[in-house]
Amino acid sequence: MIEAERLNKRFGAVHAARDISFVAHDGEITGLLGANGAGKSTALRMLYGVLTPDSGRAIVDGHDIAGETSLARAHLGVLPHASGLYANLTARENIAYFGALQGLGRERIEARCEELSALLEMHEFLDRRAKGFSQGQRIKVALARALVHDPRNLILDEPTNGLDVMAIRNLREMLAGLRDAGRCILFSSHVMQEVAALCDRVVVIGAGRVLADATPGEIRERTGAASLESAFLQVLGSAEGVG
Amino acid sequence: MGALLTVFRKEFLENLRDRRTLFSALLFGPLFGPLLFGAMVTRMLDQNSFAADQSLQLTVSGGERAPGLAQFLRSHGVKLRLTNLSEEAARAAVTQGREDVVLIVPAEYPERFAAGRPAPVLLVADSSDTQNRKSAERARAILASYGGGIAQQRLQLRGLDPLLTVPVAVNDVDVATPTGRAVAILGFMTYFVLFALLMGGLYLAIDSTAGERERGSLEALLSLPVPRTTLVGGKILATCAYMGLSLGVTLAAFVVVFHFVPLERLGMSANLGVGTALSLFAICLPFVPLGAALMTFVASFTRSYREAQTYLTIVLLVPTLPIAFASIYSLKTRSSLMLVPSLSQHLLMTSVLRAEPIGALDLGVATFSCLVLAALLIALTARHWRRETMLG
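Chains as they are written, first to last, in our numbering: chain A, 23 to 265; chain B, 126 to 517.
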């Protein structure tokens, strides 16, 4: 479970996050939806602790990311917006490096590499150097890297960026599988269809605020819109009026 | 500790697979200095000994007019080549390098010589050419000694004491030692050693900081449950390892090169043997963590690989400054100077190369100041890594 409690963050004059609060539950996929620059990455970065909020708390499985950073992070897998690999290492070595830094033993790392390779279909390139990997292959390795310690919570910042249709579909199936295994998944996107297709819960962010926090169905009901798309547009539109 | 070694191993391995890193760390950096140095020293020695050992070649025009002079020159080991050139032809020949130095005996020479009047000879040379100037100087000295001999004979024939013409006897006492002359050369050599040492870690320092950010792997790394100090420590440690390797290769290359260079003529200990090389290694070792920390620190502030390269190229020049000061002001080893890194290494290495003893205190102070500065820079780097701006 990932909890955001009244997170605030300013970068100079820009108020990038204002009182952001929401909860991402276990066994659910929570989508953070918003236009580019709405504050999605800022919110996520505070949740995985590379940005310190001016006020508010980020909590992972009951551990405050500021106070118990290592403990919270041990329960957290992160796929940041920029997820480059080490080009001179093989896919397996890339994954193993993060496994070792998560404190896993050699045998455990080996076992996880095999499991993840099966899960993400990486056999073909597991022992090839990452130089020259396709975007799809890179995302798979980066995801495996984030999952190496088998975390109960997973944060992904715009994971589908640059992926082709096939790869996006694979990713969706993968995330659905993890959800069904009881994991808590939080991901951001600016693509509505993606969120609609995948999420159990949607948190809409605009100008650094939470504009809506509900299931896709609830949002549709509340706005009285026929399609989810027009419902989102209504939510975002009212936010622009506010803000 | 486990995470520190993990970071170290990964950085070491990754860069071992990078051709550019390997080339600069273990080939270009370490071998460039010794080879250039060997070539330079050999050439310098060659030029000096060449001039002294070889007999002077002199082209003489109108030599038949001065048989006494020609005889004197031959008896002083000058090889004469008799020709017949006008002054213009001789000038042109020397200018164009067809002739080295030309001595012209004009038509009026025999008559004036017989009459006891100053008999002119023309020495055509090119003073802008070092080699040519040396030949001309030697020719002039021999001609002067011929003139002096003739003058003495003439005075004796007239019953006068030749010593009357020598009212003052000047004796040169030259205190320049070969060691003194070697200082500039040693400055070169010690700088090459420090340069190679820094080159060894240059790319790793960039790759593990600005490179990490540019590749987009930094944020994932920073979101791991590993203290930033540990990450920085592992990276600096890997940089140190490459610098140590580079230092070793450099010194080994110097040992090989010096085997073929007659160093004792520059006043250095005759051989840069394995023992000396080990001493030099020990002297430079404390500079390794300092250089690694400095380069990692600087590279951490840059936004891109390219920017890091620009700034670190400047860092490569930093150790030259104290060495340049040392040669301008001819600084001698003093304990207070041992506080200045790179200068202390330079002075200590110079002492070892001259086979002078070095003080334990000096070595201690030099090592200590390097390590303290390194620790300070590592702490500053780690502090920067804990900042949010590190994400870029």
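Bear in mind the hints are in silico, worked out from the structure with no lab data behind them. Careful: at least some of the hints might be erroneous.
Selected chain A positions facing chain B (in silico; Cβ < 8 Å) [as the list claims (entries may be wrong)]:
(1) Val72
(2) Thr91
(3) Ala104
(4) Ser105
(5) Leu107
(6) Leu111
(7) Thr112
(8) Phe147
(9) Phe155
(10) Met214
(11) Thr245
Per label pair, the in silico range of CB-to-CB distance [said to hold, decoys possible]:
(12) A:Asp86 x B:Thr354: 19 to 27 Å
(13) A:Asp86 x B:Ser460: 46 to 54 Å
(14) B:Arg142 x A:Gly127: 45 to 53 Å
(15) B:Tyr436 x A:Gly246: 52 to 60 Å
Just so we're clear, the structure is a prediction, and the values are computed from it rather than from any experiment. We put the CB at the ideal spot given by N, CA and C, even for glycine.
Quick rundown of the hints versus the structure:
{"no.": "1", "hint": "Val72", "result": "holds, 5 Å"}
{"no.": "2", "hint": "Thr91", "result": "holds, 7 Å"}
{"no.": "3", "hint": "Ala104", "result": "holds, 3 Å"}
{"no.": "4", "hint": "Ser105", "result": "holds, 6 Å"}
{"no.": "5", "hint": "Leu107", "result": "holds, 6 Å"}
{"no.": "6", "hint": "Leu111", "result": "holds, 6 Å"}
{"no.": "7", "hint": "Thr112", "result": "violated, 10 Å"}
{"no.": "8", "hint": "Phe147", "result": "violated, 17 Å"}
{"no.": "9", "hint": "Phe155", "result": "violated, 12 Å"}
{"no.": "10", "hint": "Met214", "result": "violated, 26 Å"}
{"no.": "11", "hint": "Thr245", "result": "violated, 35 Å"}
{"no.": "12", "hint": "A:Asp86 x B:Thr354: 19 to 27 Å", "result": "holds, 21 Å"}
{"no.": "13", "hint": "A:Asp86 x B:Ser460: 46 to 54 Å", "result": "holds, 52 Å"}
{"no.": "14", "hint": "B:Arg142 x A:Gly127: 45 to 53 Å", "result": "violated, 25 Å"}
{"no.": "15", "hint": "B:Tyr436 x A:Gly246: 52 to 60 Å", "result": "holds, 59 Å"}
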